[in-house]
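Engineer: Listed below, chain by chain, are the residues.
There are 2 protein chains.
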Amino acid sequence: MNDFMYYNPTKIEFGKTKENKIGQYIKESNIKKVLLVTGTGSIKKNGLYEKIISSLNKYNIEYEEIDGVVSNPLLSRVNDGIKIAKEHKIEAVLGVGGGSVADSAKAIAVGAKYEGDVWDFFINKVQITEALPVFTVMTLAATASEMNGNSVVMNDETQQKYSIASVLVNPVVSVINPELMATVSQEYLAYSAVDIIAHSIEVYFTATDHPNFNSRIVESIIKTVIETTEALLENPNDYDARAEFAWVAIQALNGLTPAGTAGGSFPNHMIEHALSAIYNVAHGAGLAVVIPAWMKWHKEQNIKQYTRFAKEIFNENDADKGIELLEAWFAKIGAPVTLQMINIPREGIKALATNANALAGLWGMDEAYSVETIIDILEKA
Amino acid sequence: MNDFMYYNPTKIEFGKTKENKIGQYIKESNIKKVLLVTGTGSIKKNGLYEKIISSLNKYNIEYEEIDGVVSNPLLSRVNDGIKIAKEHKIEAVLGVGGGSVADSAKAIAVGAKYEGDVWDFFINKVQITEALPVFTVMTLAATASEMNGNSVVMNDETQQKYSIASVLVNPVVSVINPELMATVSQEYLAYSAVDIIAHSIEVYFTATDHPNFNSRIVESIIKTVIETTEALLENPNDYDARAEFAWVAIQALNGLTPAGTAGGSFPNHMIEHALSAIYNVAHGAGLAVVIPAWMKWHKEQNIKQYTRFAKEIFNENDADKGIELLEAWFAKIGAPVTLQMINIPREGIKALATNANALAGLWGMDEAYSVETIIDILEKA
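Heads up: the protein sequence lines correspond to chains A and B, in order.
Quick note on numbering: our numbering labels position 115 of the first sequence as 130, and the sequence is numbered without any gaps.
Quick note on numbering: our numbering labels position 137 of the second sequence as 152, and the sequence is numbered without any gaps.
Identical copies go unnamed one by one, so any copy, or any two together, can satisfy a pair.
Within a straight-line C-alpha distance of at most 25 Å, the following computed SDA-like cross-link-like pairs (lysine to any residue) qualify:
hint	residue 1	residue 2
1	73	18
2	311	273
3	238	323
4	319	254
5	31	68
6	238	276
7	42	18
8	238	327
Don't read these hints as lab results, they were simulated from the structure.
Using the sequences and the hints, build the whole thing.
Structural biologist: In structure tokens:
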């Protein structure tokens with residue numbers, strides 16, 4: 016077992032109607048003025064926006080607003096937010112929406128305390144030493160951004176989808192009301208399920224030291240994702256399944272699963288970020304395409320864990336069968352599993368591999384993932 | 016799934032030699048003077064005491080000291096510590112030892128900020144609203160006190176073993192170096208294993224709503240405890256097993272396992288506290304006696320979960336068989352499983368039941384656990 020530091024100071028307020036208390040949670044941190052970050056308008060249609068504003072008003076919390084955050088959130092919009100935050104002396108950033116909104120809120124929180132270009136943090140030119148406090152009210156469960164310090168942003172000028180990580184942007188409080196997630200489309204539910212599984216299996220398969228307890232936690236998460244996704248596809252109003260899905264989404268990327276492991280990496284995310292960056296694919300859809308291909312390429316490097324996976328998740332004895340059944344499950348829930356299904360032509364592979372390989376450099380994975388290797392993997396998709 | 020709040024701001028510094036950095040961790044919180052709380056002297060023999068003092072000196076952190084904290088830590092010693100803390104204007108409390116030391120450090124941290132008798136908090140006469148910051152360096156893994164806000168203290172005048180709980184006494188930083196735990200006796204390793212399993216199964220069996228994910232986490236903890244305990248009994252120097260054991264001990268009582276459940280309670284702890292209070296039994300030993308008896312008495316109330324337990328932990332199809340095999344495993348690792356084995360005579364049961372029932376009142380369990388019911392349970396032990 017490897018040495019580690021575990022620290023996750025985010026308070027999770029989980030349950031029905033808790034969004035009505037967001038003003039109270041913010042006030043408890045002595046904050047009087049927030050920047051409200053939102054997406055492309057669904058919260059204005061379903062009444063959530065009104066509830067948030069009403070709660071802010073109730074606790075005399077002033078707010079400025081920036082909306083229009085899209086999936087694969089754009090750096091340009093983040094910069095708009097930073098500008099508002101600086102102009103209006105904003106004290107905290109409140110994201111209300113899905114992972115893209117939470118990630119944008121975090122990037123704004125970092126940029127608001129920095130004189131230079133916020134992209135400097137994403138290319139590791141500078142380290143994060145301060146940030147505005149972040150709060151979130153989530154409408155989608157997938158990225159676990161609500162309980163971690165990660166933010167992934169798309170530079171719309173350079174076509175780079177890069178990330179930052181700092182406990183300084185762990186949300187102070189995140190509100191998770193599963194009822195707010197009940198209107199997510201079946202398509203996005205499937206993408207979310209794939210994303211959660213992706214978060215779980217990256218370190219599970221790549222770590223050189225992976226204690227049994229960590230494997231058991233990961234398997235618990237995956238079994239629960241499969242079970243609750245199927246329940247929700249059957250009945251989108253199954254509150255308990257929706258709630259459990261939301262909670263395991265958080266556990267998959269809040270620091271618990273890799274604690275004590277060694278040598279783990281995130282190659283599927285690295286490759287997928289290239290797909291999203293160049294073709295604007297939904298993150299979960301891109302992952303569903305990349306993961307089975309990567310597993311087929313990678314399995315010989317850790318055949319014992321792939322055999323364990325097949326046994327624990329699908330009650331099969333053969334590593335290949337485990338990969339095959341995971342791919343089949345992705346397809347069954349409506350996620351794409353080939354590049355063709357997301358309209359990426361074979362000729363595009365070279366550029367994808369080059370884009371992903373640049374990220375490999377930043378993530379310290381360039382030795383294992385040369386352009387040629389990434390091409391090999393994508394050829395399997 | 017029930018509504019919940021999850022908040023655990025303790026930073027865990029896990030790994031070899033991390034105790035040498037305790038001065039740095041304390042200094043990072045801008046603290047200049049601590050009360051060092053220790054046990055009955057083993058850390059002076061094995062060199063840990065010197066390392067701690069050296070680290071405090073290195074970072075210019077002044078300290079006062081109180082030692083002599085025993086298992087089932089005494090209120091009288093806590094009061095001694097509070098007196099020193101008040102006299103010397105202590106800014107934080109540093110516990111170096113096992114669960115009793117950590118629990119005493121927390122009680123001192125609460126008492127140091129209170130004019131009245133600290134026992135007021137234990138009998139729910141007043142609520143905790145402030146406390147000194149707490150830090151710990153652990154030499155035993157069992158109670159998870161290193162990552163929760165619980166403190167159990169024994170009132171040596173009234174023979175009451177009662178508890179407090181507040182996130183205000185969650186340690187700011189806890190150092191877990193599994194190497195510091197390598198000298199724990201086989202006897203105490205067994206008691207610790209029982210304690211961890213006890214923390215895991217209380218809510219698992221008693222909750223009226225227990226999502227599958229929670230059950231899976233609990234089962235992951237129990238499987239890992241069984242596996243690593245057996246490895247350590249075979250080879251006490253198995254670092255990886257020692258480390259994994261220490262980490263699952265924490266997971267068993269840091270708020271993760273009950274999150275989202277409803278209706279759970281801690282009857283085994285309630286009854287065991289009476290055993291410790293009257294007969295000064297080691298907590299884990301008392302639990303090993305109480306748990307199988309309680310399970311036999313309780314199983315009909317949640318037969319489905321007992322059947323699941325038998326299947327998941329022991330690959331058996333029958334609830335009774337699961338209880339029998341857990342009891343047999345306790346015995347195998349050297350834990351006592353009858354009152355007789357811990358020298359408690361049958362005539363003592365009435366007084367135990369009365370003591371436990373008083374605690375049931377405090378814990379809101381007096382309807383389910385009358386004196387007669389507790390007698391019934393203890394008769395099975």
